[in-house]
Amino acid sequence: MNISNKKIILHDMCLRDGMHAKRHQISLTEMTQLATALDDAGVPLIEVTHGDGLGGNSVNYGFAAHSDEEYLSTVIPLMKQAKVSALLLPGIGTVDHLRMAHELGVSTIRVAAQCTEADVTEQHISLSRELGLDTVGFLMMAHMLEPKALLEQAKLMESYGANCIYCTDSAGYMLQDDVFERISVLRDGLKPDTQIGFHGHHNLALGVANSLTAVEAGAERIDGSAAGLGAGAGNTPLEVFNAVATRMGASTNVDLFKLMAAAEEIVVPMMDQAIRVDRDSLVLGYAGVYSSFLLHAKRAAKKYGVPSEAILLKLGQMKTVGGQEDMIEDVAINLAKSR
Amino acid sequence: MVNKKINIALIGSGNIGTDLMIKALRSGTLNPVWMVGIDENSDGLKRAKALGLKTTHLGIDELLEHIETDNIQIAFDATSAYVHQENNRKLQSKGVKVIDLTPAAIGPYCIPPVNLESLLSQTESQAQINDGSTTSNLNMVTCGGQATIPIIAAISRVQSVDYGEIVATIASKSAGPGTRKNIDEFTRTTADAIEQIGGARQGKAIIVMNPAEPPLMMRDTVHCLTLDEPDIEAITASVLSMIEQVQEYVPGYRLKNGPVFDGKRVSVFLEVAGLGDYLPEYAGNLDIMTSAALCTGEMLARNLSSNMSVKDSHH
Numbered sequence: 001m002n003i004s005n006k007k008i009i010l011h012d013m014c015l016r017d018g019m020h021a022k023r024h025q026i027s028l029t030e031m032t033q034l035a036t037a038l039d040d041a042g043v044p045l046i047e048v049t050h051g052d053g054l055g056g057n058s059v060n061y062g063f064a065a066h067s068d069e070e071y072l073s074t075v076i077p078l079m080k081q082a083k084v085s086a087l088l089l090p091g092i093g094t095v096d097h098l099r100m101a102h103e104l105g106v107s108t109i110r111v112a113a114q115c116t117e118a119d120v121t122e123q124h125i126s127l128s129r130e131l132g133l134d135t136v137g138f139l140m141m142a143h144m145l146e147p148k149a150l151l152e153q154a155k156l157m158e159s160y161g162a163n164c165i166y167c168t169d170s171a172g173y174m175l176q177d178d179v180f181e182r183i184s185v186l187r188d189g190l191k192p193d194t195q196i197g198f199h200g201h202h203n204l205a206l207g208v209a210n211s212l213t214a215v216e217a218g219a220e221r222i223d224g225s226a227a228g229l230g231a232g233a234g235n236t237p238l239e240v241f242n243a244v245a246t247r248m249g250a251s252t253n254v255d256l257f258k259l260m261a262a263a264e265e266i267v268v269p270m271m272d273q274a275i276r277v278d279r280d281s282l283v284l285g286y287a288g289v290y291s292s293f294l295l296h297a298k299r300a301a302k303k304y305g306v307p308s309e310a311i312l313l314k315l316g317q318m319k320t321v322g323g324q325e326d327m328i329e330d331v332a333i334n335l336a337k338s339r
Numbered sequence: 001m002v003n004k005k006i007n008i009a010l011i012g013s014g015n016i017g018t019d020l021m022i023k024a025l026r027s028g029t030l031n032p033v034w035m036v037g038i039d040e041n042s043d044g045l046k047r048a049k050a051l052g053l054k055t056t057h058l059g060i061d062e063l064l065e066h067i068e069t070d071n072i073q074i075a076f077d078a079t080s081a082y083v084h085q086e087n088n089r090k091l092q093s094k095g096v097k098v099i100d101l102t103p104a105a106i107g108p109y110c111i112p113p114v115n116l117e118s119l120l121s122q123t124e125s126q127a128q129i130n131d132g133s134t135t136s137n138l139n140m141v142t143c144g145g146q147a148t149i150p151i152i153a154a155i156s157r158v159q160s161v162d163y164g165e166i167v168a169t170i171a172s173k174s175a176g177p178g179t180r181k182n183i184d185e186f187t188r189t190t191a192d193a194i195e196q197i198g199g200a201r202q203g204k205a206i207i208v209m210n211p212a213e214p215p216l217m218m219r220d221t222v223h224c225l226t227l228d229e230p231d232i233e234a235i236t237a238s239v240l241s242m243i244e245q246v247q248e249y250v251p252g253y254r255l256k257n258g259p260v261f262d263g264k265r266v267s268v269f270l271e272v273a274g275l276g277d278y279l280p281e282y283a284g285n286l287d288i289m290t291s292a293a294l295c296t297g298e299m300l301a302r303n304l305s306s307n308m309s310v311k312d313s314h315h
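Residue numbers (my numbering), protein chains in the order written: chain A, 1 to 339; chain B, 1 to 315.
Hints in this document: simulated from the structure, not taken from any laboratory. Note that CB positions come from ideal geometry on N, CA and C, so glycine has one too. The reader is advised that the hints may include incorrect statements.
What the hints assert, rightly or not - Some but not every residue of chain B turned toward chain A, in silico, with C-beta under 8 Å: (1) Lys181; (2) Ile207; (3) Pro211; (4) Arg265.
What the hints assert, rightly or not - When the alpha-carbon atoms are kept at most 27 Å apart in a straight line, the in silico DSS-like pairs for lysine-lysine are as follows: (5) A:Lys319 to B:Lys256; (6) A:Lys337 to B:Lys181; (7) A:Lys83 to A:Lys148; (8) A:Lys155 to B:Lys94; (9) A:Lys148 to A:Lys319; (10) B:Lys256 to A:Lys302; (11) B:Lys90 to B:Lys173; (12) A:Lys258 to A:Lys337; (13) B:Lys181 to A:Lys319; (14) A:Lys302 to B:Lys264; (15) B:Lys181 to A:Lys148; (16) A:Lys83 to A:Lys258; (17) B:Lys181 to A:Lys191; (18) A:Lys7 to A:Lys83; (19) B:Lys264 to A:Lys303; (20) B:Lys256 to A:Lys303; (21) B:Lys181 to A:Lys155; (22) A:Lys337 to A:Lys303; (23) B:Lys90 to A:Lys298; (24) B:Lys5 to B:Lys54; (25) B:Lys46 to A:Lys319; (26) B:Lys54 to B:Lys4; (27) A:Lys337 to B:Lys256; (28) B:Lys5 to B:Lys49; (29) A:Lys298 to B:Lys256; (30) B:Lys256 to B:Lys173; (31) B:Lys49 to B:Lys90; (32) B:Lys54 to A:Lys148.
Produce the entire structure from the sequences given, and follow the hints as far as they go.
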């Protein structure tokens, strides 16, 4: 694999995807401490919101310790070089949230949709572009679509005004060939000045390998999180990716040792549980289940006395997608009844 | 009581308009006369023509010329929130009562088992005061709202609901372009109606589209946080009786699980199967909307007929 001389933009997910692993309870102090450390390490983009994006506060996904407004207005003014992004899932958040994030100074809006449903993002992507923001179309659960069909959805987002399209492996299900094919088809089919990004989950321990493959196939932005703090078995561990990419001759302009320090000294002590490939997160990656379901399933398993991996497998069979967290308790109740 | 049916027009020839037409053709009180579309080749318009309705693909203006001659008294608008503003203005100027199936929410929200009767009795008393000018636009909220707000109201009539949240999951195939373009209006309108009609202090609505094949049945989950400890027995009884009421006009409305009680959280897991009139059974979201609108239209038609017969008896 040759990725030498490639320039890669690293995007840290700890303070958004990591919210899932922290039941959305990251404190303002933790946010401040970690964001300033990442900024100091040279990470160019940091995502901050509820794990399910702007407006994600709910019974269904969990109420965060603070509002999106509080998190964003705490972090953004402290950044010296890093820009802050916010995630928005149409159907959960609205353009009102987008305007709020814009007013608070985010540089980037990432509009996320199930990879087959890009046409729900038109209102949000076009407004974001109109406001002059770096606008990303984020195609989730991208393993569920063949590369050509994925390209069609990506083109819709591009036509609404997205200047970057992500292939998002929400279930941590993709193998390296899956990533290579999808990114290659996106790179060939989208406008040359549209950037491509890849968002991995480490459920099959392929976060780093898949991200490298994505870069090889033409991705310029890579999502990861320091020490992997994220849903499921976590995101691509950013400091590991940075080390490998640097050894392979690519450039990220991120200080590896400062990033390692942030991971080791700030993120690891923040963790409520080890972020690793345990049985449940392996099931996510093996069966193609949305990574954020993990802790909800563990809680429902405990409450109803059924195995969490059985809940997750059933959710995979039902072909549930991101946002259907309500089905976790429903499935757990049904499993408990059938015993 | 006059037995004559009331003539109606259907605006919008998409999934909702077409399903509503099929249901209205079976109605004992409504007589579908017109269907208005904007695409000559739309499946809805073709079906309408084949079923004997007058059709136009030139939009609402074409219909307006025939309101008097065809004695159209009620129009159902299943276009989009933005188009509805203009349609409503034009129809109102001709004295047509409007039932709005978009999330435009110009008129009051109508969730039949919760507030239809009180809306129509208000309408009647206003009619007497204002000599005929009545509340002439009723909004049907959203499919997710029709499926869930009865449950929130069933809980809030037992005790105060501090927070009401709904998650509506629909099959991708059942969501037409109007729904997709209006996704923010869905969440806003539904959340607002959760507060206004459901009686929750604060409302939140979430919609998810699922592309699975074969398509999944519409699922709706209601989460309420009660202000005080929930009265398990009273809430359960109230929810079960409300479900029976909804089943009177949507037979495929089913309780899957719950009510689950967890501290102050009350959760109810529902499924809505359609009748398979236009789209297959899975599209319960279509049926719950069109059935609620039909039920509203029929009740309105009965009122219009009895008002007419009252007027006739004065002559």
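Each hint tested on the structure:
Of the supplied interface hints, the one on Lys181 (chain B) holds, with its beta-carbon coming within about 7 Å of a beta-carbon of chain A, less than 8 Å. Of the supplied interface hints, the one on Ile207 (chain B) holds, with its beta-carbon coming within about 4 Å of a beta-carbon of chain A, less than 8 Å. Restraint check, Pro211 (chain B) versus chain A: the minimum CB separation of about 4 Å is within 8 Å; hint holds. Checking Arg265 (chain B) against chain A by beta carbon gives a least distance of about 6 Å; that is within 8 Å, so the hint holds.
At most 27 Å may separate the alpha-carbon atoms for a hinted pair to count; Lys319 (chain A) and Lys256 (chain B) meet this at roughly 18 Å. Note on Lys337 (chain A) and Lys181 (chain B): the hinted pairing is violated, with a Cα-Cα distance of about 40 Å set against a maximum of 27 Å. As the CA atoms of Lys83 (chain A) and Lys148 (chain A) are separated by approximately 32 Å, the hinted pair breaks the 27 Å bound. This hinted pair does not check out: Lys155 (chain A) and Lys94 (chain B) have alpha carbons roughly 44 Å apart, beyond 27 Å.
Restraint check for Lys148 (chain A) and Lys319 (chain A): satisfied, since their Cα atoms lie roughly 21 Å apart, inside the 27 Å limit. Restraint check for Lys256 (chain B) and Lys302 (chain A): satisfied, since their Cα atoms lie roughly 21 Å apart, inside the 27 Å limit. As the CA atoms of Lys90 (chain B) and Lys173 (chain B) are separated by approximately 32 Å, the hinted pair breaks the 27 Å bound. Note on Lys258 (chain A) and Lys337 (chain A): the hinted pairing is violated, with a Cα-Cα distance of about 51 Å set against a maximum of 27 Å.
Simply put, Lys181 (chain B) and Lys319 (chain A) have alpha-carbon atoms about 24 Å apart, close enough for the 27 Å limit, and the pair holds. Among the hinted pairs, Lys302 (chain A) with Lys264 (chain B) is consistent with the structure: their alpha-carbon atoms are about 19 Å apart, no more than 27 Å. Pair hint Lys181 (chain B) plus Lys148 (chain A) holds up; C-alpha atoms about 24 Å apart against a cutoff of 27 Å. Between the alpha carbons of Lys83 (chain A) and Lys258 (chain A) the distance comes to roughly 18 Å, so the proposed pair stays at or under 27 Å and holds.
The suggested pairing of Lys181 (chain B) with Lys191 (chain A) holds, with an alpha-carbon distance near 24 Å, which does not exceed 27 Å. Distance restraint check for Lys7 (chain A) and Lys83 (chain A): the Cα-Cα separation of roughly 17 Å lies within the 27 Å cut-off, and the hinted pair is therefore satisfied. Taking the CA atoms of Lys264 (chain B) and Lys303 (chain A), the gap is about 16 Å. The hint holds against a cut of 27 Å. Simply put, Lys256 (chain B) and Lys303 (chain A) have alpha-carbon atoms about 18 Å apart, close enough for the 27 Å limit, and the pair holds.
For the proposed pair Lys181 (chain B) and Lys155 (chain A), the alpha carbon gap of about 17 Å is at most 27 Å, so the pair holds. The suggested pairing of Lys337 (chain A) with Lys303 (chain A) holds, with an alpha-carbon distance near 13 Å, which does not exceed 27 Å. At roughly 55 Å between alpha-carbon atoms, Lys90 (chain B) and Lys298 (chain A) are farther apart than 27 Å, so this suggested pair is violated. Distance hint between Lys5 (chain B) and Lys54 (chain B) is fulfilled; the C-alpha atoms sit about 17 Å from each other, no more than 27 Å.
Distance restraint check for Lys46 (chain B) and Lys319 (chain A): the Cα-Cα separation of roughly 35 Å exceeds the 27 Å cut-off, and the hinted pair is therefore not satisfied. A C-alpha spacing of about 20 Å is found between Lys54 (chain B) and Lys4 (chain B), which places the hinted pair at or below 27 Å, so the restraint holds. A threshold of 27 Å between alpha carbons decides the hint, and for Lys337 (chain A) with Lys256 (chain B) the separation of about 12 Å falls inside it, so the pair holds. For a cut-off of 27 Å, the pair hint linking Lys5 (chain B) to Lys49 (chain B) stands: about 20 Å separates their Cα positions.
Taking the CA atoms of Lys298 (chain A) and Lys256 (chain B), the gap is about 22 Å. The hint holds against a cut of 27 Å. For a cut-off of 27 Å, the pair hint linking Lys256 (chain B) to Lys173 (chain B) stands: about 22 Å separates their Cα positions. Annotation: proposed proximity of Lys49 (chain B) to Lys90 (chain B) holds, straight-line Cα distance about 24 Å (limit 27 Å). Restraint check for Lys54 (chain B) and Lys148 (chain A): not satisfied, since their Cα atoms lie roughly 42 Å apart, outside the 27 Å limit.
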